[in-house]
Amino acid sequence: MDIFNMLLQGFWVSVIPGNLLACIIGVIIGTLVGILPGIDTVSTIALLLPFSYGMDSTAALIMFAGIYYGSKYGGSTTSILINVPGEAASVVTCLDGYPMAQKGRAGAALSVSAIGSFVAGTIGIVGLTLLAPPLAKAALAFGPPEYFAISLVGLIFLSKLTGTSTLKSALMAAIGVMLSTVGLDSMSGISRFSFGIDELDRGFDLSILAMGIFGIGEILSTMTQINTATDIPLVKFKDLYPTREEWRRSIAPMFRGGVVGFLVGLLPGPAATISSYLSYALEKKCSKNPDEFGYGAIEGVAGPEAANNSAISATMIPLLSLGLPFCGATAILLSGFMIHGITPGPALITEQPALFWGLIASMYIGNVLLLIINLPLIGIFVQLLKTPLHILMPMVTVLTLTGAYSINNSMFDLIWVVIFGILGFLLRRTGFEPSPLLIGLVLGSGLERGLTQGLIICNGSIWAMITRPISATILSLGVIALFYNVVRWFTKINCAEKKVNC
Amino acid sequence: MAEKIITLFFLLGSSSYLFFAQHFAFGTLNSPKSGFLPILSGILTLLLSLILLYKQLRSNKKVVLDKVHWTKFIFIIIGLLFYVSFLNSIGYFAATFIFLFYLLKVADAAGWLMPLLVSFSSSAIFYLIFANCLSVTLP
Numbered sequence: 045m046d047i048f049n050m051l052l053q054g055f056w057v058s059v060i061p062g063n064l065l066a067c068i069i070g071v072i073i074g075t076l077v078g079i080l081p082g083i084d085t086v087s088t089i090a091l092l093l094p095f096s097y098g099m100d101s102t103a104a105l106i107m108f109a110g111i112y113y114g115s116k117y118g119g120s121t122t123s124i125l126i127n128v129p130g131e132a133a134s135v136v137t138c139l140d141g142y143p144m145a146q147k148g149r150a151g152a153a154l155s156v157s158a159i160g161s162f163v164a165g166t167i168g169i170v171g172l173t174l175l176a177p178p179l180a181k182a183a184l185a186f187g188p189p190e191y192f193a194i195s196l197v198g199l200i201f202l203s204k205l206t207g208t209s210t211l212k213s214a215l216m217a218a219i220g221v222m223l224s225t226v227g228l229d230s231m232s233g234i235s236r237f238s239f240g241i242d243e244l245d246r247g248f249d250l251s252i253l254a255m256g257i258f259g260i261g262e263i264l265s266t267m268t269q270i271n272t273a274t275d276i277p278l279v280k281f282k283d284l285y286p287t288r289e290e291w292r293r294s295i296a297p298m299f300r301g302g303v304v305g306f307l308v309g310l311l312p313g314p315a316a317t318i319s320s321y322l323s324y325a326l327e328k329k330c331s332k333n334p335d336e337f338g339y340g341a342i343e344g345v346a347g348p349e350a351a352n353n354s355a356i357s358a359t360m361i362p363l364l365s366l367g368l369p370f371c372g373a374t375a376i377l378l379s380g381f382m383i384h385g386i387t388p389g390p391a392l393i394t395e396q397p398a399l400f401w402g403l404i405a406s407m408y409i410g411n412v413l414l415l416i417i418n419l420p421l422i423g424i425f426v427q428l429l430k431t432p433l434h435i436l437m438p439m440v441t442v443l444t445l446t447g448a449y450s451i452n453n454s455m456f457d458l459i460w461v462v463i464f465g466i467l468g469f470l471l472r473r474t475g476f477e478p479s480p481l482l483i484g485l486v487l488g489s490g491l492e493r494g495l496t497q498g499l500i501i502c503n504g505s506i507w508a509m510i511t512r513p514i515s516a517t518i519l520s521l522g523v524i525a526l527f528y529n530v531v532r533w534f535t536k537i538n539c540a541e542k543k544v545n546c
Numbered sequence: 009m010a011e012k013i014i015t016l017f018f019l020l021g022s023s024s025y026l027f028f029a030q031h032f033a034f035g036t037l038n039s040p041k042s043g044f045l046p047i048l049s050g051i052l053t054l055l056l057s058l059i060l061l062y063k064q065l066r067s068n069k070k071v072v073l074d075k076v077h078w079t080k081f082i083f084i085i086i087g088l089l090f091y092v093s094f095l096n097s098i099g100y101f102a103a104t105f106i107f108l109f110y111l112l113k114v115a116d117a118a119g120w121l122m123p124l125l126v127s128f129s130s131s132a133i134f135y136l137i138f139a140n141c142l143s144v145t146l147p
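Here the protein sequences line up with chains V and B, keeping their order. Each number in this note's numbering corresponds to the 1-based position in the first sequence with 44 added. Each number in this note's numbering corresponds to the 1-based position in the second sequence with 8 added.
By construction, these hints were calculated from the structure, which means they are not laboratory data. Glycine included, each C-beta is placed from N, C-alpha and C at the ideal position. This list has only true hints and no planted wrong ones.
Going by beta-carbon spacing under 10 Å, a handful of chain V positions derived as facing chain B:
(1) Y97
(2) A214
(3) A218
(4) R236
(5) F237
(6) F239
(7) I263
(8) M267
(9) H434
(10) P438
(11) T441
(12) V461
(13) V462
(14) G465
(15) F476
(16) I500
The calculated SDA-like cross-link candidates involving lysine to any residue, where the alpha carbons are at most 20 Å apart (straight line), are:
(17) K113(B) with L443(V)
(18) K75(B) with M437(V)
(19) K12(B) with L467(V)
(20) K536(V) with K63(B)
(21) K80(B) with L471(V)
(22) K536(V) with N68(B)
(23) K75(B) with R472(V)
(24) K332(V) with R288(V)
(25) K75(B) with L433(V)
(26) K63(B) with S209(V)
(27) K41(B) with D245(V)
(28) K69(B) with F534(V)
(29) K332(V) with F299(V)
(30) K12(B) with I466(V)
(31) K12(B) with W78(B)
(32) K41(B) with V226(V)
(33) K328(V) with A296(V)
(34) K12(B) with S209(V)
(35) K332(V) with T287(V)
(36) K542(V) with K69(B)
(37) K536(V) with R66(B)
Turn these sequences into a full structure, and let the hints guide you.
Pasting the structure below:
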């Protein structure tokens, strides 16, 4: 009942004209980000961080959250119509969405994807509403050893779940931790790795790194790509109705996808992408016609699209209740919180209830808005795929650089944005996923604080630190994940040597 | 090849990081000091880059990458360096106008009038947004 009342108050906050407008702008930008290949959620939020300075903090965060969950709705459009996923989480949708479009059922695939996203998104937000407050309450009992355990396990999980090579992800996360140690040491006040440069004493700003690696890196990738033109099919409103059979086959996958997405979203890593793959595998197993998968099975669109939206809401739970981002997008959202002087975590609900509940309520509203936007306006959004990138990208470059400069009015930051941009481009080119680097940077400072303070509290006994009930539980999960990774790695090496498929 | 160069770069980076990290006190388990995590993370990064490089050297698998317009890449980097170097001396509006016009031409925008108009109007709009609406002190 208490949660219900607080949520009701949140709705009052979220329907204030400024906040409602921010929500509308956020979901529209999010949809565009999802639709337009080459622009991703993290870089968009990174690019918009400076624009939010003049905004009220609640409105700014509502807008960022809108971009975050909105992008997963739009991601399916290009997957279905032109076989190009706008977002990594929509890669799976290509498998059956595009064959459906080739059979003339693009409209049905688009509407099932939008409705599935809405159903599962709502499941996710209900879960967020019910789970985040008790988790935040429990987190009040967390001490440095528990935060150390969560940060460490977050990094361990991350090295497995990014989709690229485990070793590469682990290396990226370790470099992120290394970068987090640059600047003044919070314990002793000693300047580390600054080489006498005053600006480096601040350490690496999360938004500067994100703007460089994701913003400029993405721009460089898009502008230097050798493109081939693609025909974009026309989708009319009347084509959007699925047949009765398509409906019947979609409903259960939508709900199953919602549950799978929510559970995966609670784990560290790119939950939206992983949940969509898991849901696809599950649907194939549950289906009476598994042979249809890959040739236009509607379950293959409904399940994964539902899963990635539900996962998005679930990833907000560790961010809002523990203050820990478990994926690149929530890490940049954290940066958005911090720019406005708000620290997400256990105290957020008690200290900023209007913001916390307003943000959650705005997600319910945003989810409905996305359904309204995505169904009738899909034809208009599809036309946006024809946006000339050679005009758009130079302007986005200037916006990013101006935005980066305006954070601290510093030319030094601008130089770092360019350096990180080149690094981001090279990382992408060579198959290194940059998200773990960003999360390593975020979790690094918490990891160090938790480790050093935890050791001091436990009189230098690592055993005492890791056997506290909560940290022991969390660390056990990490050990299991690590053990599983190592075993799989050795199995793969063995199989490769014997030249057999494992 | 590019993959190995990047890994080698990380290997060298982590070695230098570890070298500088040793200038800070490690402390003890009872009282960890400012070099505690840097040394541990430096060792971990060094080990990971070594393992990765070893794996890449042993592997015969060729990574197929999308084709990239490298000339465009170099021109964009030159533009970025120009912008960062001259922003303070020639001011935001002039630097942004030149940079935008240059980027539009690099990105194959057709004609001269349209890129000129786009760069002029965009620079003016960005200046108004950041300097007037967001009260940012621009050079």
